[in-house]
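Chemist: Sequence:
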Amino acid sequence: MLSRTAALLLPVFGHLCITADPASASAATDTATATVTIPDSTDSTDTAPTVAPGSIVAANHTSLADPVVVLAALHRLGARPVVLATAGLWRIPLLGTLLRHEGHIAVHRGTARAAESLDAAAEALAAGRVVLIYGEGGLPRRRDSGELPPGPFRSGLARLAHATGAPVVPLGQAGSRRLTSGGTAKQLAGLATAPVRRPGLYVHLGAPLHLPADTAEATARAHHAVTAAWTAASRHAASHGAASPRAAAGHGPEATRP
1090 MLSRTAALLL PVFGHLCITA DPASASAATD TATATVTIPD STDSTDTAPT VAPGSIVAAN
1150 HTSLADPVVV LAALHRLGAR PVVLATAGLW RIPLLGTLLR HEGHIAVHRG TARAAESLDA
1210 AAEALAAGRV VLIYGEGGLP RRRDSGELPP GPFRSGLARL AHATGAPVVP LGQAGSRRLT
1270 SGGTAKQLAG LATAPVRRPG LYVHLGAPLH LPADTAEATA RAHHAVTAAW TAASRHAASH
1330 GAASPRAAAG HGPEATRP
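So the sequence shown is numbered by our numbering: it starts at 1090 and just counts up by one.
A few of these clues could be false.
Pair ranges (Cβ atoms, derived) [what the hints assert, rightly or not]: (1) Arg1286 / Glu1205: 15 to 23 Å; (2) Gly1167 / Arg1198: 24 to 32 Å; (3) Pro1100 / Ala1203: 19 to 27 Å; (4) Pro1100 / Gly1271: 35 to 43 Å; (5) Gly1271 / Pro1111: 30 to 38 Å; (6) Glu1212 / His1299: 25 to 33 Å.
Read the hints as simulated data drawn from the structure, not as lab findings. Glycine residues also receive a C-beta, built at the ideal position from the N, C-alpha and C atoms.
Go ahead and model the full structure; you've got the sequences and the hints to work with.
Modeler: This is how it looks when you write it as structure tokens:
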């Protein structure tokens, strides 16, 4: 239900564009950029599923709006993922009920229960579910709407991939900070004006990869792959005129975290 709701609501706030590495999907290939554009409808028989059952989708995390953007994108691709998210969301009325009902996984960071989330994710993968995980484990401190490369990854993604042998699909997204970023007042204002502004929201899927057994090496490789996917999404956004003023001034895909 949450994936379908995200897919229905997101077009009200912005325009979603999905691209992928050629190995990730079959659709119209742009040979100039070596990417595949996923059509707005999954009804086309020319479009193959891009996320296989039992896969881990690793995404970058930049905004509170990220889950809506990513769930809407995956819904278009036929995937209904189980999401690993901070346990505090389960305390929100109605949302918490939906999260429990759909089997999403609460992450109790900094507690003795933190490892339980990986066990639950492994069970979901074994059952053929797609699992969505944010490798950074939190949001950047940046308050403006500009983009930054993914921050350092925690080790949970690598440990989950090693324990299950599941392939990892790197996902980069850019544009959601134009929906929500900054303080509470600015975020509410961003959502209120989004239906008029219609910002571009860009998601790029990299080719699935199998991570090595070494946790440090696997974490580094996953971070590199998600960063590459984010760079592709950011460049696609810039080519459509969606780059922020800071990006245009040299704070875009090659920017470094302060």
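Chemist: All hints are to be evaluated individually against the structure, with a verdict given for each.
Modeler: Hints, one by one, checked against the model:
Distance hint check for Arg1286 and Glu1205: the Cβ-Cβ separation is about 40 Å, which falls outside the suggested range of 15 to 23 Å. About 31 Å separates the C-beta atoms of Gly1167 and Arg1198, a value consistent with the hinted range of 24 to 32 Å. Judged by the Cβ atoms, the range 19 to 27 Å given for Pro1100 and Ala1203 is violated: they are separated by roughly 36 Å. Hint check: Pro1100 to Gly1271, Cβ distance near 24 Å, so the stated range 35 to 43 Å is violated.
Distance hint check for Gly1271 and Pro1111: the Cβ-Cβ separation is about 37 Å, which falls inside the suggested range of 30 to 38 Å. Checked against the hint of 25 to 33 Å, the C-beta distance between Glu1212 and His1299 comes to roughly 20 Å, which is inconsistent with it.
Hint compliance for this structure: hints 1, 3, 4, 6 are broken, all remaining hints hold.
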